[in-house]
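*Asks:* Listed below, chain by chain, are the residues.
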Amino acid sequence: MTVLENNVIPSRSKLSLKRIHQTRDRPARQEAPLHKKPFLEDMLNGYRSEQRGNGDAVHDSPVATLSNMGNTCFLNSVLYTLRFAPTFLHNLHHLIGDLALVGSRLTQNKAKTSSLGRNMGAITGPSSRSTSSKDLLSLGTSNDVIPKSKVQVVTEKLHELYITMHNLEVKESNDAYQPVALLQAIREANYIFEGNHQQDAHELLVYLLDNIRETCDLLTQQVQQNPELLTETEIIQSSNNSKIWNVRRSWKKTHKIKKEKNSKEAISEEQVNGSSVTDTEDACSVDGSGENAKKKLGYNFVAEDFEGVTLRRTMCLECESVTERKEPFYDIPVPISLKDADFEGDMSINSASEFYRKACVTSEKLCDGNKYLCEKCQRYNEASRDVLFEKLPNIMVLQLKRFTTSSAGVQKVNTYLPTPIELACFCETCCNVEDNEPPPHRYRLCCVIMHLGASMASGHYIAYVKASDHLEDYAECSRNVPKGSLSASSSEKSLNFLKYFKPRTTSSLIDNKSIVSKSMLNGVRMCKSMDCCGVKLNKNVVENVMNSYPRKNGQDVYSSPEEMWLECDDESVRPITGQEFEEELSYKPNSTSTPYLLFYSKITDVPLD
Amino acid sequence: MANLKPGGQNPRKKVQVSMVICEAEEKRHRSGVNALQIDPALDRLYSAGRDSIIRVYEHERYLHGMEHHTDWVNDIVLCCGGLISASSDTTVKVWNAHKGFCMSTLRTHKDYVKALAYAKDREQVASAGLDKSIYLWDINTLTALTASNNTVTTSSLMGSKESIYSLAMNPSGTVIVSGSTEKALRLWDPRNCVKLFKLKGHADNVKALVVSKDGTHCISGSSDGSIKVWSLGGQRCIQTIRVHSDSVWALLATENFSHVISGGRDKKVIMTDLKNPQSSVVVCVEEAPVLKMCFTADQQAVWVSTSHSSIRCWKLPTEKHFKEEAKMPSSPISLIPGGAAIRQAVVLNDKRHILTKDANENVALYDVLRARKIEDLGQINFQEELKNRFKFVYVPNWFNVDLKTGMLTIHLGQDEVDCFSAWVSARDAGIRDCPEPDQKVNYGKLLLQALFEHWRGVEKDPENKLYFTVPKHIPLILSEVGGRTLYRVLVGDTVGDTENALLNDTVPNWVISNIEENCTNKFIKVQFYLQPHSSVPSHLLKQDRLKKPDRLVANDFIQCRKVAEHILEKLLGDGNANSPGGDADSSTPSNNGYNVDQIELTCNDQILDPSMDLRTVKHFIWKSSADLTLHYRIVNAK
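Protein chains in written order, with full-length UniProt numbering: chain W, 1 to 609; chain D, 1 to 638.
One chain only, chain D, in its complex shape:
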């Protein structure tokens, strides 16, 4: 249970609530595709996306997605009936590949997990990442894990000094090689976890590795642009191939180790004959840097994934092409189209709507409170649209946006103060048929209530329906602030018993107390000074008003009209007023003959609209963190 109860591991760390605004089914990759695997028996292609989703295609048609990671999936391996994935959310997950659900999560790594390696004969998988560690896992143990029994032992391979970016193992599991920013390859014997030796020669990070079946040779691709063939017996480099003009990021070797296929930052996939390295054939030129390749079932073509979302299948050259007797086709034999990642997102002034632009230049509008896209605007000018949508209102921030997955990830404020800073009137929040349109609602609270609606049956307020709902498919993520994911669950799944228990452990107390009770509202206060304009006749002012300005405290959403009312009631008495203090009942109409419309407020010599609230005045007109100063004067009523 320990592994699934992360909340208990580090009780002191602050926990953050996040959600991802996505479609019920994200059929297309939103961003780059980091890894590819083929299941030749079923002709199924598995792809690991930067959008955190692993997708399965059968005969090039989308079958289903596997969602449980919360960050880039960096590598996947297929093993008997299962699939192992490594992600930048620092976890390794074990999946039932056929049914597409996550069976267990391994949280041993402390940083992004970048690479996996698989030894088929021994049913062993190794994972490595930026935490410099390599762990060896027994697949039979992993696939036997359940939610209630997921304690697993692992052996680790020690000795790496820097972040590991690539890993390879031969099918018999006699040798494992790692590539890292050390610029050297390190080798171990996975059978006894003994460190073997180090191979130096590259001038930069090593991001791609292949080991021959018998474990005697190894090919490495580096960010220095070269491909090196190493003799592991001789512990030396026997061949250096320079066919790419930029970093080499992906490698494949043919069954008999006669040819190497390489892809890289220069967007090219090149096949090279190892016996005759001068003869190499460009398989294709992709639209973006090549991240990964895998053979088709018949080994006659390769699937290529890039930092764009589409996956293409390209025919491999044959003997004829190497002899330059035939030309390579210029188009792929098959294509799995990708979707567009959101590349730019700007939170509008109302702190509720987000305007986005995706990789295809399409602009869209999202509503955070409803966790959905509300308008597709097409390929319009983003900056112009932003300008058009500018509103002269200021609402404090209560969330921030993250685009690392190509979708909108909303991180709510990290504590009560941050999360519940945005109070707006029910009218401004667009809540219809509310009995009191001026009643204040809190965005953070509304969203939290919606997210946890199905958990513990948070009751809908029976009196008024100030209620938003978010779609049930929205993933809810609880994570350490700026760190590891603790728990990910779909909003609709929070009803389940297991989920319920896990949420009890992870949801921070301040969230629980705020969504459950009709809690006391903690409004944000603004301090300000009120000073009469020189034109205000002094006889109108109550005594000692002239001496020092009034320092007042009010809720930040108070409108100027309210301030004017206050002035009328408390500060302006007629000179002969019987009650010298300001303790007159506020409900009694003022007796000095003026009405609210005749009070004009100014800030920095700018006249304030009565409907403007104080935080807007402070943000847009006062423009300083110092206490706000307002002046008032009396104008003639129309």
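For reference, chain W alone in the conformation it holds in the complex:
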């Protein structure tokens, strides 16, 4: 116990000192480290007391928390989930940045005042807690001459919320934040979320994703309607395709970079940010201003990451000709038809995967009164219809159909379904792979939204997310890569990260204390947006929990931080081990605490060359 404290506390103070150094131009920040030591001890004590069973979990949160404003756990669970969904925060950040840029240029064009956008930002700036001038700009544009759609406001508020959470984490504050502004914006944009009653988390998720997709479209539209907004250099497609592979080389090669320089670089970026000055030397600083324009042109990360394509294949049983229809989708509804008994025992990955494959990849026969009008035969014939997945998204959302509408109203189905940590991919390519070959993709669980309770109205939502600050998302920000290869790059990127850093992640996590700014990590340039709205996990809290395990369970050191999960229950966020999490997901008779939305992230296995 004491050993642990000695280890942890100095490292924390070291880290915070460097933070001060980094943010010395903002005096307000210095208050946090002053209370550091007693506070931290408080936290640890709190943690321990919780382990003893009577503690208050609020005081040692590894991440910023959201408070329940009365039946808003549906909102909180979705916000936690999106925050920890791979690549989401990073992409959202760039979208907001692009919006601000285009918005300010539009304003410039209209008002013929070149500095209007930035001025506005400066005016509203001081009231905000944000650390980056980019965010000030996005706030500023809300007073803009160009009226904003409610859709765009919701997206911006979402980003602001994540900035606030980031700041709370930087300050190591444990105050739960009330996402009032976002909720307000959502309610204004969509009346179904009005009123203080419990809502369907799935509905909100779909709504938010749709909202962001629309915002992306809006941006594309603005750019297309005003091509003069972009300078020529911004439109030229970058030819640097091979960057992804450079990432891994650079990760390998360079390790030592002066921290001073890094922090300076980060600051200078912030200054550059918002103007249209393009620094072609520095990929990261370019990121904030000019280069991102390429991505703007039709880049829709929601479509890229959350959208899959279903393939409906219909074969007339008479002439046996086949017609195919493709449709995009955002989530896959999984019907629940099993009896509890089917899954009581241990479930291997294979049989769980098989279950989800069968539930999603379906085949039906169109017959009797539901025959198919075959265009070739020009008559109604029997037909077989298969629903396949031509493409599954990078982040696949499975919605377990727990709420069924019957004559008695909406009822919840509590039937147990397995939630495998790893899921075999069931896209068409993977389904058609020969038996002896490994399928090209697989999926790994990254977030789960659980529904607790007997009905939708009275229930409660809790999110489980993988404890990670998703550093890999920010490495070598891929905005230089031409459109189209982006989704591939992100999955490959995470693959690289897994391949080359997995053995080291434990140490890299602990090494974090020696990193001042994340804009350089292990020699890889990190997108500076991680210092705006990225997740900043309080490693100590997580590690403490990890380290407490051997004693608690009498086992060997069991968990690597990789396998830690966060249980996000409104204002209480509790780190749990992978084992605890799996226990939570395992079969319990008559349990009404059931996984509802499963988020899987795609892992593309590319053979090494």
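In case anyone wonders, no lab produced these hints; they're calculated from the structure.
No experiment lies behind these values; they were computed from the predicted model shown.
Hints may contain errors.
[Said to hold, decoys possible] Once the Cα atoms are required to be at most 30 Å apart in a straight line, the calculated BS3-like pairs of lysine-lysine come out as: (1) D/Lys351 / D/Lys562; (2) D/Lys195 / W/Lys365; (3) W/Lys365 / D/Lys200; (4) D/Lys562 / W/Lys365.
[What the hints assert, rightly or not] Example chain D residues on the side facing chain W (calculated, C-beta under 7 Å, incomplete): (5) Ser160; (6) Ser163; (7) Leu403; (8) Lys404.
[Claimed, not checked] In silico negatives: residues of chain D with every beta carbon more than 12 Å from chain W: (9) Cys102; (10) Thr174; (11) Asp204; (12) Ser334; (13) Ile342; (14) Pro437; (15) Ile524.
Just so you know, even glycine gets a beta-carbon here, dropped at the ideal spot from N, CA and C.
Using the hints, position chain D against chain W.
*Replies:* For chain D alone, coordinates are given in the frame of chain W:
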């Protein structure tokens, strides 16, 4: 009688009236040929068409057609003096094969009947289809059926779980095999209707089956592309033959079960030696997927039918061909040419004419009211012709077109509203020497009158001859909406007593009441608003016209000229008019000094031609289901 009185079976179901526009004698198949049978004694070939007609050829020359089905004929079997047919109209029909008339109709199946099987020694026939059931019929009972005595008992073979696409029985009737989308073969003993066992092994639908004479072996052809030989005693597959690159749809086995002839979706007919499956000979490559084959009388050649309408006869390979000592001939030894199916049909704007294109790219024009082809246009550009024939008129739909048989089947609207929606002036309907060319006629009513002309002697209107006739050979079909056929009769045959009685039972009441009486006309109404254009001097408008627009109701075929007249008479009074209301006698000429030609109507800022009717305005200019709004203004007369 029960079987022939279908109208009484389900009185609640809506009944639809349809007709098929065809020639008096359709000598050639219009579409694919689903089944073939040979009568070796007379050298007659029977073919079952997707155009619903069974045709008989003697020495390859057309003899006669057998018409009574209303949908694809899927299978036929020849038995002593008779012919049994199975059709997608869900019926099985028993025919006098020599004279070519339908003796009785069996309506036991509930879905398309896909396959028949015949046990010669026991004079038993089995039928099976998409309703998953198999029925066994005694042929002697069937052929004894008459119109007045057609109650028949049947035994059914239970246990099928999915739609049956193929059926086979050995001549002695000791075993019956079915092939279905279950991908398995099921076997029964037809003597006691006991289920025997199931044979699994195929990966897809089984569409072709043959059983050996002694009932010990069976060959199956599947959509998985393979042919399997099964030992029924051993209950297992003893051989799998893969000679086709696509689904196998047709099978024949030689008398001694030494060779199998198979045809399929890959358009090939292949003969395989079962003792040496590596040696197979391609008999022919057809122009379309092979649907059925049958041996010629001497068993030296096969007749092959495809999803195209022609039937060809190909020589079978001999020992020499198997040893590759001789080449197979590349052309058929005989051909029964087929006709062209109508592949595309577009109803023109006048909702009376249909432009069609057939499988040979020939374009033709049909007149629905006269139920005949009126113009052959040859191989011209269909889309271009459609464009040329576009008329700026809108007439509501009153029928729809179905091409499943390769001929035009016209389904009239399903009720009074749908069927009688199209009112046009006698002039527009092309009725000459009509005393009142502006009199309205109804297309649906005209056609129904023509179709039922000979039934109960519907009197021709003695006063005016607004009358169309349809040829007597046109088949009239009464069926449940979207379902089974109730009754099919030729227009000219409706005079007969039996037919008369049956029609009394089946023809829906709304049809009878509308063709018999000179019924009250129920016109389709259009609601619309009339608003003065801002240029109309307000002093011209009668009081309170400015406050709210006039909401009017009129028949949908009213022309704009009539509306203008109304405006002149009712809405525009001179400011000092003595009568403030609009109740002035309409026959008195208006006293405000304007005439009808000076009233200009607009809709969506488009000036309307006075001869245009309101439904056309609504459909082509207003383009919305909301109430139509028209504006009017006064222009200077020329």
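*Asks:* All hints, please: hold or fail.
*Replies:* We went through each hint and held it up to the structure:
1. D/Lys351 / D/Lys562: Holds: lysine 351 of chain D and lysine 562 of chain D sit about 23 Å apart, inside 30 Å.
2. D/Lys195 / W/Lys365: At roughly 25 Å apart (the allowed maximum being 30 Å), lysine 365 of chain W and lysine 195 of chain D satisfy the hint.
3. W/Lys365 / D/Lys200: Holds - the C-alpha atoms of lysine 200 of chain D and lysine 365 of chain W are around 20 Å apart, at most 30 Å.
4. D/Lys562 / W/Lys365: 56 Å, violated
5. Ser160: Violated: closest Cβ of chain W sits about 13 Å from serine 160 of chain D, beyond 7 Å.
6. Ser163: Holds, about 6 Å.
7. Leu403: 5 Å, holds
8. Lys404: 4 Å, holds
9. Cys102: With a cut-off of 12 Å, cysteine 102 of chain D remains clear of chain W, as the shortest Cβ separation is near 22 Å.
10. Thr174: 30 Å, holds
11. Asp204: Incorrect as stated: the minimum Cβ-Cβ distance to chain W is 9 Å, not above 12 Å.
12. Ser334: Nearest chain W Cβ is 27 Å from serine 334 of chain D, so the label holds.
13. Ile342: 9 Å, violated
14. Pro437: 39 Å, holds
15. Ile524: For isoleucine 524 of chain D, whose nearest Cβ neighbour in chain W is about 29 Å away, the distance exceeds 12 Å, so it holds.
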